[in-house]
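Please model the entire structure based on the sequences and the hints provided.
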Amino acid sequence: MKIYSFFIEEEPKDIAVIRDKDTIHHIYKVLRFKEGDRILLMDGKLSKYEGEIKEISQLSITLKITKKERIPKPPIEITLVQGIPKHPKMDIIVESASGLGIYRIIPLISKRTVAKTKNVERWRSIAKTSLLTSRMGLLCDVCDPTMLDEIKLNQELVIVAWEEEKNTHLRDILRSNRSVKSIAVFIGPEGGFEKEEVCAIQKMGGIPVSLGNALIKTEYAGLFVLSSIFYEFGL
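Here the numbering used here runs 1 ahead of the position in the sequence shown, where the first position is 1.
Simulated from the structure, these hints should not be mistaken for lab results.
What you are looking at is a predicted structure, and each value in this text was computed from that prediction instead of being measured.
Hints should not be assumed to be uniformly reliable.
To be verified - Derived lysine-lysine pairs resembling DSS-like cross-links, with alpha carbons at most 25 Å apart:
#1 Lys90 <-> Lys129
#2 Lys3 <-> Lys87
#3 Lys3 <-> Lys30
#4 Lys46 <-> Lys68
#5 Lys55 <-> Lys65
#6 Lys49 <-> Lys90
#7 Lys14 <-> Lys74
#8 Lys65 <-> Lys129
#9 Lys87 <-> Lys196
#10 Lys68 <-> Lys55
#11 Lys87 <-> Lys119
#12 Lys3 <-> Lys49
#13 Lys218 <-> Lys119
#14 Lys68 <-> Lys90
#15 Lys196 <-> Lys218
#16 Lys153 <-> Lys112
#17 Lys55 <-> Lys30
#18 Lys3 <-> Lys22
#19 Lys22 <-> Lys129
#20 Lys112 <-> Lys218
#21 Lys35 <-> Lys65
#22 Lys129 <-> Lys69
#23 Lys46 <-> Lys153
As structure tokens, then:
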């Protein structure tokens with residue numbers, strides 16, 4: 002029988018009590034679970050808990066924790082700094098990137114950002130759902146939308162995908178930096194970054210890289226880079 006996953010805010014001990022209305026509705030009304038059924042709880046902090054339902058109602062669900070498991074920490078801390086694109090592209094980006102187990106996403110307000118709405122709470126909800134689907138264990142931190150001059154980075158390697166870069170290739174930079182433990186990836190919105198923005202990122206230590214001859218859409222560029230990182234680092 003498939004075990005469904007649900008998010009829990011606090012680390013449960015022997016007993017866990019679910020009081021979130023949406024979660025209760027899904028378990029009680031949609032899935033029609035009953036006493037004795039098992040579910041999986043994830044706290045987004047690299048722990049998951051298997052529990053058996055002891056009491057269930059429309060107000061709360063009480064579970065006995067039968068198993069606790071620690072999920073291995075991702076070996077590389079990856080931050081995606083994503084230029085905010087038009088709706089619903091950011092939804093796609095957050096779902097894909099957070100499902101891979103990266104640490105954080107920084108929605109970037111760049112010069113070519115034209116999106117009128119910046120629904121960060123929606124993006125955080127998508128990241129939470131992606132956690133439950135992928136079961137990677139780490140809840141991706143979706144930060145508040147940020148201007149470029151407000152970003153503070155301390156990653157060992159910072160790369161920026163730029164269509165005007167012709168000589169430095171992503172593969173070469175990754176292969177020459179395999180010992181790093183933290184990476185920041187900058188991806189522009191529709192139309193990419195302006196040259197002065199790339200220069201500003203370079204002052205942060207960023208390295209402009211080419212993703213090849215094809216112009217990759219912004220909603221897929223971050224996934225392309227992240228997949229390349231996982232491949233080159235053997236993750």
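Verification of the supplied hints:
1. Taking the CA atoms of lysine 90 and lysine 129, the gap is about 17 Å. The hint holds against a cut of 25 Å.
2. Proposed proximity of lysine 3 and lysine 87 is contradicted: the alpha carbons are some 36 Å apart, above 25 Å.
3. A threshold of 25 Å between alpha carbons decides the hint, and for lysine 3 with lysine 30 the separation of about 18 Å falls inside it, so the pair holds.
4. Of the pairs offered as hints, the one joining lysine 46 and lysine 68 holds, with about 16 Å between alpha carbons and a cut-off of 25 Å not exceeded.
5. Between lysine 55 and lysine 65 the CA atoms are separated by roughly 7 Å; this keeps the pair inside 25 Å, and the hint holds.
6. With a C-alpha separation of about 30 Å, the suggested pairing of lysine 49 with lysine 90 is violated against the 25 Å cut-off.
7. Note on lysine 14 and lysine 74: the hinted pairing holds, with a Cα-Cα distance of about 21 Å set against a maximum of 25 Å.
8. For a cut-off of 25 Å, the pair hint linking lysine 65 to lysine 129 stands: about 23 Å separates their Cα positions.
9. Between lysine 87 and lysine 196, the direct Cα distance comes to roughly 21 Å. Compliance with the 25 Å bound is thereby established for this hinted pair.
10. Taken as a hint, the lysine 68 and lysine 55 pair is honoured in the structure, with Cα atoms around 15 Å apart against an allowance of 25 Å.
11. Between lysine 87 and lysine 119 the CA atoms are separated by roughly 9 Å; this keeps the pair inside 25 Å, and the hint holds.
12. For the proposed pair lysine 3 and lysine 49, the alpha carbon gap of about 16 Å is at most 25 Å, so the pair holds.
13. For the hint linking lysine 218 to lysine 119, the alpha-carbon distance of about 19 Å falls within 25 Å, and the restraint holds.
14. Taking the CA atoms of lysine 68 and lysine 90, the gap is about 38 Å. The hint is violated against a cut of 25 Å.
15. Using a Cα cut-off of 25 Å, the hinted pair lysine 196 and lysine 218 holds, with the two alpha carbons roughly 18 Å apart.
16. Between the alpha carbons of lysine 153 and lysine 112 the distance comes to roughly 18 Å, so the proposed pair stays at or under 25 Å and holds.
17. The straight-line distance between the Cα atoms of lysine 55 and lysine 30 is roughly 17 Å, inside the 25 Å bound, and the hint therefore holds.
18. At most 25 Å may separate the alpha-carbon atoms for a hinted pair to count; lysine 3 and lysine 22 meet this at roughly 23 Å.
19. Simply put, lysine 22 and lysine 129 have alpha-carbon atoms about 16 Å apart, close enough for the 25 Å limit, and the pair holds.
20. Simply put, lysine 112 and lysine 218 have alpha-carbon atoms about 17 Å apart, close enough for the 25 Å limit, and the pair holds.
21. At most 25 Å may separate the alpha-carbon atoms for a hinted pair to count; lysine 35 and lysine 65 meet this at roughly 14 Å.
22. At roughly 20 Å between alpha-carbon atoms, lysine 129 and lysine 69 fall within 25 Å of each other, so this suggested pair holds.
23. Between the alpha carbons of lysine 46 and lysine 153 the distance comes to roughly 23 Å, so the proposed pair stays at or under 25 Å and holds.
The structure does not agree with the numbered hints 2, 6, 14 stated previously, though it agrees with the rest.
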